[in-house]
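A.B. asks: Okay, here's what each chain looks like letter by letter:
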Amino acid sequence: MTTKSNPGNFFEDFKHGQQIVHATPRTVTEADTALNIALTGSRYALFSADSFAQNCGLPGAPIDPLLVFHTVFGKTVPDISLNAVANLGYAEGRFLAPVYPGDTLNAISEVIGLKQNSNGKTGVVTVRTDGFNQDGELVLSYVRWVMVNKRDANAPVADAPPITPKPVVATPDLVLPPGLDFSGYDFALAGSPHAFEDYAVGEKIDHVDGMTVEEAEHQLATRLYQNTAKVHFDALAQKESRFGKRLIYGGVTISLARALAFNGLANAQLMLAINGGRHVNPLFAGDTLYAWSEVLAAEDLGDVGALRLRLVAVKNRSATDFPFKNEAGEYDPSVVLDFDYWAAIPKR
Amino acid sequence: MTTKSNPGNFFEDFKHGQQIVHATPRTVTEADTALNIALTGSRYALFSADSFAQNCGLPGAPIDPLLVFHTVFGKTVPDISLNAVANLGYAEGRFLAPVYPGDTLNAISEVIGLKQNSNGKTGVVTVRTDGFNQDGELVLSYVRWVMVNKRDANAPVADAPPITPKPVVATPDLVLPPGLDFSGYDFALAGSPHAFEDYAVGEKIDHVDGMTVEEAEHQLATRLYQNTAKVHFDALAQKESRFGKRLIYGGVTISLARALAFNGLANAQLMLAINGGRHVNPLFAGDTLYAWSEVLAAEDLGDVGALRLRLVAVKNRSATDFPFKNEAGEYDPSVVLDFDYWAAIPKR
Amino acid sequence: MTTKSNPGNFFEDFKHGQQIVHATPRTVTEADTALNIALTGSRYALFSADSFAQNCGLPGAPIDPLLVFHTVFGKTVPDISLNAVANLGYAEGRFLAPVYPGDTLNAISEVIGLKQNSNGKTGVVTVRTDGFNQDGELVLSYVRWVMVNKRDANAPVADAPPITPKPVVATPDLVLPPGLDFSGYDFALAGSPHAFEDYAVGEKIDHVDGMTVEEAEHQLATRLYQNTAKVHFDALAQKESRFGKRLIYGGVTISLARALAFNGLANAQLMLAINGGRHVNPLFAGDTLYAWSEVLAAEDLGDVGALRLRLVAVKNRSATDFPFKNEAGEYDPSVVLDFDYWAAIPKR
Chain L
1 MTTKSNPGNF
11 FEDFKHGQQI
21 VHATPRTVTE
31 ADTALNIALT
41 GSRYALFSAD
51 SFAQNCGLPG
61 APIDPLLVFH
71 TVFGKTVPDI
81 SLNAVANLGY
91 AEGRFLAPVY
101 PGDTLNAISE
111 VIGLKQNSNG
121 KTGVVTVRTD
131 GFNQDGELVL
141 SYVRWVMVNK
151 RDANAPVADA
161 PPITPKPVVA
171 TPDLVLPPGL
181 DFSGYDFALA
191 GSPHAFEDYA
201 VGEKIDHVDG
211 MTVEEAEHQL
221 ATRLYQNTAK
231 VHFDALAQKE
241 SRFGKRLIYG
251 GVTISLARAL
261 AFNGLANAQL
271 MLAINGGRHV
281 NPLFAGDTLY
291 AWSEVLAAED
301 LGDVGALRLR
311 LVAVKNRSAT
321 DFPFKNEAGE
331 YDPSVVLDFD
341 YWAAIPKR
Chain W
1 MTTKSNPGNF
11 FEDFKHGQQI
21 VHATPRTVTE
31 ADTALNIALT
41 GSRYALFSAD
51 SFAQNCGLPG
61 APIDPLLVFH
71 TVFGKTVPDI
81 SLNAVANLGY
91 AEGRFLAPVY
101 PGDTLNAISE
111 VIGLKQNSNG
121 KTGVVTVRTD
131 GFNQDGELVL
141 SYVRWVMVNK
151 RDANAPVADA
161 PPITPKPVVA
171 TPDLVLPPGL
181 DFSGYDFALA
191 GSPHAFEDYA
201 VGEKIDHVDG
211 MTVEEAEHQL
221 ATRLYQNTAK
231 VHFDALAQKE
241 SRFGKRLIYG
251 GVTISLARAL
261 AFNGLANAQL
271 MLAINGGRHV
281 NPLFAGDTLY
291 AWSEVLAAED
301 LGDVGALRLR
311 LVAVKNRSAT
321 DFPFKNEAGE
331 YDPSVVLDFD
341 YWAAIPKR
Chain V
1 MTTKSNPGNF
11 FEDFKHGQQI
21 VHATPRTVTE
31 ADTALNIALT
41 GSRYALFSAD
51 SFAQNCGLPG
61 APIDPLLVFH
71 TVFGKTVPDI
81 SLNAVANLGY
91 AEGRFLAPVY
101 PGDTLNAISE
111 VIGLKQNSNG
121 KTGVVTVRTD
131 GFNQDGELVL
141 SYVRWVMVNK
151 RDANAPVADA
161 PPITPKPVVA
171 TPDLVLPPGL
181 DFSGYDFALA
191 GSPHAFEDYA
201 VGEKIDHVDG
211 MTVEEAEHQL
221 ATRLYQNTAK
231 VHFDALAQKE
241 SRFGKRLIYG
251 GVTISLARAL
261 AFNGLANAQL
271 MLAINGGRHV
281 NPLFAGDTLY
291 AWSEVLAAED
301 LGDVGALRLR
311 LVAVKNRSAT
321 DFPFKNEAGE
331 YDPSVVLDFD
341 YWAAIPKR
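Protein chains in written order, with the working numbering: chain L, 1 to 348; chain W, 1 to 348; chain V, 1 to 348.
Hints are supplied without guarantee of correctness; some may be wrong.
The list cannot tell twin chains apart, which means a pair is met if one copy fits it or any two copies do.
[Stated by the list, open to error] Lysine-lysine pairs mimicking BS3-like chemistry, simulated, CA-CA at most 27 angstroms apart: (1) Lys347 to Lys4; (2) Lys204 to Lys347; (3) Lys245 to Lys121; (4) Lys4 to Lys204; (5) Lys4 to Lys121; (6) Lys230 to Lys204; (7) Lys4 to Lys325.
These are calculated hints, taken from the structure and not from any lab test.
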């Protein structure tokens, strides 16, 4: 029996400079917005109400940038990370054009780095992934690195160390949606009186609320993104894994934490860039997620402000005391996500 | 660290006559209709099929009035009931204009009553909440009272007892959607031959079917309504609560019971008013819900009939024998919902 | 108390030649497509992306034919199978016109066979069900037979044995959507390089991936189809049943298996006919589903190819060794679904 199934690429299958066209373009619609709200509890007004978005100069409510990120990311999984050992991180993520209901997303990745690990059994693949809409317009670009198994430990590989990703997207590289105008911004409808000027670098915000995650919820979300990573779906196979159970896709964690962050950052609505993200501990169904944020930088972009924010998600304990790292620089075991991004926020 | 998070209002924070503009307007779409069906199993034809609605004189299938109610209600939670001890009830609910996919809902409440409890630790807040569409048209208005904690038991409060809500919305105050015309109503497609004339005051109907509720389901629904009450989502915090687990939002119970009521009331499709509703026992994930109805009144509105219906939801036992109250007037422990509403129904 | 609830039809209630107009027409929308993806993980490009469908000559992404099947089937449940003992199978299923978002589906069945079982307590009802869109156009037709309880074992019945369904839909009876044109088909975006010519009759394909099913997931799906069969929803009543728990609706199994089949059959996207389907063992929440396919026939339809495929879903074990039947012709206990269908696939 020949097989036409895709077993996924192993480390030795990747070539430096290789371009990978990922499968299954997807038309995102109002239904994705509703499902995103149902799955995360997001309350950011710009993505919830056409009238609010129109009052901000946009044609209607765009698709939440994180949903765009997860959708594009999901497409890459069958080609990049089906045989991944660990999702090491991402960086240089920029949202370059807004995505509206009816737009169709597809994704292309380029292999920009290959580094075999000293054990000979795994290697780190670095890719730049570009997400496009149906007009071929680039809507999202980011760099990701992931540790992938070798099929054959003896297979030769040509290492091609990646260009080190920049630690932060420079503010001149931040792109605002065409038409965005916060001059008539309605702070009451948005849910917070706090404008750009009210946030101080170094300020930490406890987002208070907690959210317990169920298996059905993270599976629904991860399937919505057409992400096929087995660790999220196959409880039988996961019984043999290190954790003995299904893992929650890191993108679900990001979106849940970002939804919790509404309580304190309601006006920092519009994610412009992902400077970096690391999933530092696993999240499982039954865990309760809390979140806190720190203002890392504040840049005046002219008509709007931009906050650089660290979003930290913790599990099974409150975030009131901002758990993060110990003196040795090791993450607290409760921390599951360390996420660094830029968001636009109205000025007063 | 300053906090920009919203801890919710405590009893002493409310002022009589205070107007509260609630956050996060929401554009409801066809996706809400589909999710409402997926979450409740609703089969009322008017809200399921554009062609059926058009045959009833409407431009297309409206959004289910209960979904409008939950959406508007959800907006009020962060301001009104984040520190609630108990959701005591609502009344004088009227659906004043139909909501169609694409409409954007927002909500404003006025504090119309404040009464501190004798223990000094809590008080009852009464609000009138109005829901509007993007044109500022009033689509829903209702009164709600809720018991809220005081932050400081010693804080002075100015009581302002509420106007006692009317026990029932008078039929002249019922508003039919513009264009509604049941003259060509298709009883076969609607799923029942029973018209207005077939229902007798005092008649009780067992809705037969049962529905077991899962954590993921009620969380999805409650997040879809952007309702943030912690008791529904935070299993960790709820471990310390009276019940030791998450509570299901009462609106989920109403919608599930109303979906079950299709079996016996398929033509009493169009909810016009909520006379009153009380959640008399908690519902938890794993519980199985059944429902029965009683015809409390029947009024001929001219072109259509209106039934005043009591909808009773019970848990973990059949509703065949109409469990309700004992001789002392106490609810049977199986009863979770006592809901009183008006619905339009075609005449023969 | 009179009852207006529908207890469902019993075997003696059916008459040969009887036409049954089923309730609750439903407008299917983009939200159904999104929910179908979230519930099954389907990645077939034709149903995921308007741009891909337009590149195949269609006006936009149609509704997945299986979703059409489940929606039409769901409407028949309250009339046909509420008192079913067993869903024995279906055949002669043909998709006759594509369904697009905004179309409204309704269903009519005709009783074409009645055969009481020798025990006198049950009988087999055979119906032909036709699904229509809002223009009265036939979009789907299939034959189904189901074992139904008698209300009264002594009630007389007039047997009317059914015409034996054809074992396979003949290729001249396969209907392609108007406009379908695979001449510019994008194999990379579709996710597989394998065209019609690459598949050999007798070839078996292991679809590799597994999917664990949760109660909330199958309940959401089955309610989305407005299927009311109690065995899927009422855990309390099911405690008294043979299995002691809720059963997963067979249509959920079909859609999950078909979504898994993407991995190996990504281009056999367009289901044209259901030759037959049998649910040979029950599936429960917590079970993990795997799938394999066998190419039963390959027919050149001119501009496109058609593959006749057997889709076998197995539970709680891998499908790598193609579990099916033993030498006595009995299904392996792991097999839950034996499904036989035609799908269109592009030629090279």
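A.B. asks: Now tell me, hint by hint, if it's right for this structure.
C.D. replies: Status of the hints after comparison with the structure:
{"no.": "1", "hint": "Lys347 to Lys4", "verdict": "between (55 angstroms within a copy, 16 angstroms between copies)"}
{"no.": "2", "hint": "Lys204 to Lys347", "verdict": "within (20 angstroms within a copy, 59 angstroms between copies)"}
{"no.": "3", "hint": "Lys245 to Lys121", "verdict": "within (24 angstroms within a copy, 45 angstroms between copies)"}
{"no.": "4", "hint": "Lys4 to Lys204", "verdict": "between (52 angstroms within a copy, 9 angstroms between copies)"}
{"no.": "5", "hint": "Lys4 to Lys121", "verdict": "within (26 angstroms within a copy, 48 angstroms between copies)"}
{"no.": "6", "hint": "Lys230 to Lys204", "verdict": "between (36 angstroms within a copy, 22 angstroms between copies)"}
{"no.": "7", "hint": "Lys4 to Lys325", "verdict": "between (46 angstroms within a copy, 23 angstroms between copies)"}
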